[in-house]
Amino acid sequence: MSAKNKPKDNIENVQEKLQSIKGREGIIGYILRGPNSASIDLKDPTKIIDYAVLSATALKAGQDMSAMFEIGEVDTILLEGEGAKVLSTMVNNHRLSIFMEKNIDHNKLCKDLNLT
Amino acid sequence: MNKNQYAVALKNALTEIKKTCPDVSRSFIFTQDGAIVAGDLESDEKTTEKMIQSFQSVAEKADTIGGLKAFYVNGKKGKVILSSVNDMYLALAASKNADTTYLHSVTRVIIPTVMKLLETITPTPLQFAPSKQLVVDTLSGFFVGDSVQIDMEILEEWSKLLNQKSVDRVEIEAFGGKAAQCKVKEINDAKLKGKGMIRIPEKVCNTLEVKKGELVKVKPAST
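As given, the protein sequences belong to chains A and B, one line each in that order.
Position 116 (the first sequence) corresponds to 116 in the numbering used here; numbering is contiguous.
Counting from 1 along the second sequence, just add 116 to a position and that's the residue number in the numbering used here.
Derived from the structure by calculation, the hints contain no laboratory data.
Note that beta-carbon positions come from the ideal geometry of N, C-alpha and C, so glycine has one too.
Misleading hints may appear alongside valid ones.
[Unchecked claim] Each computed SDA-like pair below joins lysine to any residue, with the alpha-carbon atoms no more than 25 Å apart:
{"hint": "1", "chain 1": "B", "residue 1": "Lys192", "chain 2": "A", "residue 2": "Asp41"}
{"hint": "2", "chain 1": "A", "residue 1": "Lys102", "chain 2": "B", "residue 2": "Lys177"}
{"hint": "3", "chain 1": "B", "residue 1": "Lys192", "chain 2": "A", "residue 2": "Asn114"}
{"hint": "4", "chain 1": "B", "residue 1": "Lys134", "chain 2": "B", "residue 2": "Gly150"}
{"hint": "5", "chain 1": "B", "residue 1": "Lys177", "chain 2": "A", "residue 2": "Ser37"}
{"hint": "6", "chain 1": "A", "residue 1": "Lys102", "chain 2": "B", "residue 2": "Val225"}
{"hint": "7", "chain 1": "B", "residue 1": "Lys185", "chain 2": "A", "residue 2": "Leu78"}
{"hint": "8", "chain 1": "B", "residue 1": "Lys193", "chain 2": "B", "residue 2": "Gly182"}
{"hint": "9", "chain 1": "A", "residue 1": "Lys108", "chain 2": "B", "residue 2": "Thr217"}
{"hint": "10", "chain 1": "A", "residue 1": "Lys60", "chain 2": "B", "residue 2": "Lys177"}
{"hint": "11", "chain 1": "B", "residue 1": "Lys185", "chain 2": "A", "residue 2": "Ala67"}
{"hint": "12", "chain 1": "B", "residue 1": "Lys311", "chain 2": "B", "residue 2": "Val251"}
{"hint": "13", "chain 1": "B", "residue 1": "Lys166", "chain 2": "A", "residue 2": "Leu78"}
{"hint": "14", "chain 1": "B", "residue 1": "Lys177", "chain 2": "A", "residue 2": "Leu78"}
{"hint": "15", "chain 1": "B", "residue 1": "Lys162", "chain 2": "A", "residue 2": "Met68"}
{"hint": "16", "chain 1": "B", "residue 1": "Lys193", "chain 2": "A", "residue 2": "Asp105"}
{"hint": "17", "chain 1": "B", "residue 1": "Lys185", "chain 2": "A", "residue 2": "Leu109"}
{"hint": "18", "chain 1": "B", "residue 1": "Lys185", "chain 2": "A", "residue 2": "Ala84"}
{"hint": "19", "chain 1": "A", "residue 1": "Lys22", "chain 2": "A", "residue 2": "Asp41"}
{"hint": "20", "chain 1": "B", "residue 1": "Lys212", "chain 2": "A", "residue 2": "Ala67"}
{"hint": "21", "chain 1": "B", "residue 1": "Lys177", "chain 2": "A", "residue 2": "Pro35"}
{"hint": "22", "chain 1": "A", "residue 1": "Lys108", "chain 2": "B", "residue 2": "Asp215"}
{"hint": "23", "chain 1": "A", "residue 1": "Lys111", "chain 2": "B", "residue 2": "Thr216"}
{"hint": "24", "chain 1": "B", "residue 1": "Lys193", "chain 2": "A", "residue 2": "Leu109"}
{"hint": "25", "chain 1": "A", "residue 1": "Lys108", "chain 2": "B", "residue 2": "Asn213"}
{"hint": "26", "chain 1": "B", "residue 1": "Lys134", "chain 2": "A", "residue 2": "Gly72"}
{"hint": "27", "chain 1": "B", "residue 1": "Lys193", "chain 2": "A", "residue 2": "Glu70"}
{"hint": "28", "chain 1": "B", "residue 1": "Lys212", "chain 2": "A", "residue 2": "Ser39"}
{"hint": "29", "chain 1": "A", "residue 1": "Lys22", "chain 2": "B", "residue 2": "Gly182"}
{"hint": "30", "chain 1": "A", "residue 1": "Lys47", "chain 2": "A", "residue 2": "Glu16"}
{"hint": "31", "chain 1": "B", "residue 1": "Lys212", "chain 2": "A", "residue 2": "Gly72"}
{"hint": "32", "chain 1": "B", "residue 1": "Lys185", "chain 2": "A", "residue 2": "Ile48"}
{"hint": "33", "chain 1": "B", "residue 1": "Lys307", "chain 2": "B", "residue 2": "Ser256"}
{"hint": "34", "chain 1": "B", "residue 1": "Lys177", "chain 2": "A", "residue 2": "Arg33"}
[Stated by the list, open to error] Among chain B residues calculated to face chain A with C-beta under 7 Å, some are:
{"hint": "35", "residue": "Met167"}
{"hint": "36", "residue": "Ser170"}
{"hint": "37", "residue": "Gly182"}
{"hint": "38", "residue": "Gly183"}
{"hint": "39", "residue": "Phe187"}
{"hint": "40", "residue": "Tyr188"}
Between the sequences and the hints, there should be enough to build the whole structure, so can you do that?
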């Protein structure tokens, strides 16, 4: 899994950017989970566990598939559902998952968050 | 079209896709319950099964996003795409520089079209028509023609099974291995009806190397 070579305040930058995008139309929320803490902001708090489990499972599956198919360190993982999608990645040692409606341009989101 | 033919057709489609896009390193198709339907030669079974298990673990937890339709993993050296195709999933592994537009057209257009086409091909009913073992009776004389005769009930049974108006030709296989196709009619001798017999002209008996009283295998001929 890719650890971005960015300054130490990288996570703080990402957190700031997450705050700025969370109000955008179509953004359902995000989970940023570090070794000792987690920032969670979801429009529907009753689904926190569901989203957290999906996010963790997707990141694990992505890593497994990367090893199986020898595609190198994982940059991003994207899950598309019938009505929503999830973009997951690693930022330093933090696992980030952003949940959004299906029509949202996730590539633009990556650029906005400096994830690419 | 039976399952084997379906799998071979899909496998050929995957092979052709790989030929046109060499950046695709592996590809296979599997069902929602994890059964592999078709895969290219590069996809070894163990890796494939592990990957399916990983994917299923995600799919089981994807109700919150309305079920898993597609899963993309972008790595430093390549990418993996899993995409829902009808009621199955297509998995593709490709190099980093693979044309994303092409990959999307494969997962969203080409394979679904191939699958739809395969599913609409009329099944070959003859594979389901049961053969019958019948006792040979020889037909001789000037006016016997070249048709064999069997019970009307058998012909009607085959017609019904094959959803055909009638069965006009049959394939006869002798136990010695000789085979022949002939026109078929109903047995015209009332005394021989309903006795599990096939009346075969002498000339055809010679071709099949069978004699009166021997058993032969009979089934509707392929059209």
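Hint check:
no. : hint                  : result
1   : Lys192(B) - Asp41(A)  : 29 Å, violated
2   : Lys102(A) - Lys177(B) : 18 Å, holds
3   : Lys192(B) - Asn114(A) : 16 Å, holds
4   : Lys134(B) - Gly150(B) : 23 Å, holds
5   : Lys177(B) - Ser37(A)  : 23 Å, holds
6   : Lys102(A) - Val225(B) : 19 Å, holds
7   : Lys185(B) - Leu78(A)  : 11 Å, holds
8   : Lys193(B) - Gly182(B) : 30 Å, violated
9   : Lys108(A) - Thr217(B) : 17 Å, holds
10  : Lys60(A) - Lys177(B)  : 13 Å, holds
11  : Lys185(B) - Ala67(A)  : 22 Å, holds
12  : Lys311(B) - Val251(B) : 9 Å, holds
13  : Lys166(B) - Leu78(A)  : 19 Å, holds
14  : Lys177(B) - Leu78(A)  : 14 Å, holds
15  : Lys162(B) - Met68(A)  : 10 Å, holds
16  : Lys193(B) - Asp105(A) : 23 Å, holds
17  : Lys185(B) - Leu109(A) : 21 Å, holds
18  : Lys185(B) - Ala84(A)  : 10 Å, holds
19  : Lys22(A) - Asp41(A)   : 8 Å, holds
20  : Lys212(B) - Ala67(A)  : 15 Å, holds
21  : Lys177(B) - Pro35(A)  : 23 Å, holds
22  : Lys108(A) - Asp215(B) : 19 Å, holds
23  : Lys111(A) - Thr216(B) : 18 Å, holds
24  : Lys193(B) - Leu109(A) : 22 Å, holds
25  : Lys108(A) - Asn213(B) : 20 Å, holds
26  : Lys134(B) - Gly72(A)  : 21 Å, holds
27  : Lys193(B) - Glu70(A)  : 8 Å, holds
28  : Lys212(B) - Ser39(A)  : 32 Å, violated
29  : Lys22(A) - Gly182(B)  : 21 Å, holds
30  : Lys47(A) - Glu16(A)   : 23 Å, holds
31  : Lys212(B) - Gly72(A)  : 10 Å, holds
32  : Lys185(B) - Ile48(A)  : 21 Å, holds
33  : Lys307(B) - Ser256(B) : 17 Å, holds
34  : Lys177(B) - Arg33(A)  : 19 Å, holds
35  : Met167                : 5 Å, holds
36  : Ser170                : 4 Å, holds
37  : Gly182                : 3 Å, holds
38  : Gly183                : 5 Å, holds
39  : Phe187                : 6 Å, holds
40  : Tyr188                : 4 Å, holds
Going through the hint list in order, the structure does not satisfy hints 1, 8 and 28.
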